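Engineer: With mature numbering (1 follows the signal peptide of the UniProt record, and there is no 0) applied, the sequence shown covers -18 to -1, 1 to 266.
Accuracy of the hints is not assured; some may be wrong.
List of simulated lysine-lysine pairs, DSBU-like, C-alpha gap at most 35 Å [to be verified]: (1) K216 - K177; (2) K86 - K161; (3) K125 - K77; (4) K161 - K125.
Cβ pair distances, simulated, as ranges [said to hold, decoys possible]: (5) D119 - I70: 23 to 33 Å; (6) Y6 - D119: 46 to 56 Å; (7) V121 - K177: 45 to 55 Å; (8) F30 - T190: 30 to 40 Å; (9) D50 - K113: 20 to 30 Å; (10) Y6 - P175: 15 to 25 Å; (11) L165 - A202: 16 to 26 Å; (12) R136 - D158: 33 to 43 Å; (13) Q157 - Q1: 47 to 57 Å; (14) N162 - L132: 17 to 27 Å; (15) F83 - D245: 32 to 42 Å; (16) D159 - L181: 29 to 39 Å; (17) I213 - Q1: 29 to 39 Å.
These are computed hints drawn from the structure, not numbers from a lab. The structure displayed is predicted, hence computed values, not measured ones. The beta-carbon is built from N, C-alpha and C at its ideal position, and this holds for glycine as well.
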Amino acid sequence: MKHLLYSLLFCWSLTSLAQTQYAYQTFDDTRIVNGHSVETNMEGILTFIISHRFGTLNDGAYNMWGLDNASMRMGLDYGLTQNLTLGIGRSTNQKTIDGYFKYKFLAQSTGDRNIPITASLLGTAAWKTLKRFDGVDLVWRQKMSYTTQLLLARKFGPRLSAQLMPTYLHRNLVQDDEKNDILSIGVAGQYRPLKNWSLSVEYYATPTDQLPDGSGPSIAYFQSLSFGVQIDTKGHVFQLHLSNSRGMIEKFFIAETADNWLDGGIHFGFNITRDFTVKGRNIR
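Using the sequences and the hints given, assemble the complete structure.
Structural biologist: Okay, here's the thing in structure tokens:
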């Protein structure tokens, strides 16, 4: 009887070792710098996000190196389920209202299920409400733009994570030298030197032949490159950024980045996020 009990305990221990182990918190927040990470809100968690991007450093001392010229976005994200988040926001940039959904359909795991990556699908819509004063009256459909992203991420250990972001962007109305449809691919990474501190980098390699060069009616646009530092406190997440992108939604930083790092076109900015428990228990 004793040998049988030992055998059962041994088999149970082997079964436990073979159970699926998931990689949690691939990134420390739902945003990396400007763009989304694979992370979704926990079910019943409402997140309030305040984002600022100031003018460029090459604005000079008179404009306090860009601090006198700020653009802001305020947003709300809600975890409808453990894997589905819905969000809405408004930017002062072109008075744009945006909404999105993000669904995590794959989770990195080892053991019984060996899945090498975490994957989420992101869909966004943006509506520009800025009035025109040239006598042209646009219908609301002409002011819309849409983005679809596949977010693919891997956690390489407790300190290092990386993400790939194939992106499709459609804008209903553009200038003659701009494209309605843009394909881009983003890459991002995060390194955690300390438990509550992390360093982030984010780059969108939008092909230059899909961006105007300034020779036509549009100004020249550039690829987006951003760096960030994140500080995670008990109640808030603070993210400090340097980026050549002023816009804080996909339409702006993927296709309408108007500044260049090499010319000092660098924006300082920050995100502040706060979680509220609407349903269930907040374990963050």
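Engineer: State for each hint whether it applies.
Structural biologist: Do the hints match the structure? See the list:
1. K216 - K177: With a Cα-Cα distance of about 12 Å, the restraint between K216 and K177 holds, given a limit of 35 Å.
2. K86 - K161: 30 Å, holds
3. K125 - K77: 11 Å, holds
4. K161 - K125: 15 Å, holds
5. D119 - I70: 23 to 33 Å: Because 26 Å falls inside the window, the suggested range holds.
6. Y6 - D119: 46 to 56 Å: 51 Å, holds
7. V121 - K177: 45 to 55 Å: 51 Å, holds
8. F30 - T190: 30 to 40 Å: This hint holds: roughly 37 Å between Cβ atoms.
9. D50 - K113: 20 to 30 Å: 24 Å, holds
10. Y6 - P175: 15 to 25 Å: 19 Å, holds
11. L165 - A202: 16 to 26 Å: Cβ of L165 to Cβ of A202: about 19 Å, so the range 16 to 26 Å holds.
12. R136 - D158: 33 to 43 Å: Hint holds: Cβ distance 41 Å, inside 33 to 43 Å.
13. Q157 - Q1: 47 to 57 Å: Distance hint for Q157, Q1 holds at roughly 56 Å.
14. N162 - L132: 17 to 27 Å: Given a distance of about 20 Å, which is inside 17 to 27 Å, the answer is holds.
15. F83 - D245: 32 to 42 Å: Roughly 37 Å apart at Cβ, these two residues keep to the hinted range, so it holds.
16. D159 - L181: 29 to 39 Å: Since D159 and L181 have Cβ atoms about 37 Å apart, the given range 29 to 39 Å holds.
17. I213 - Q1: 29 to 39 Å: 34 Å, holds
Checked against the numbered hints above, the structure violates none of them.
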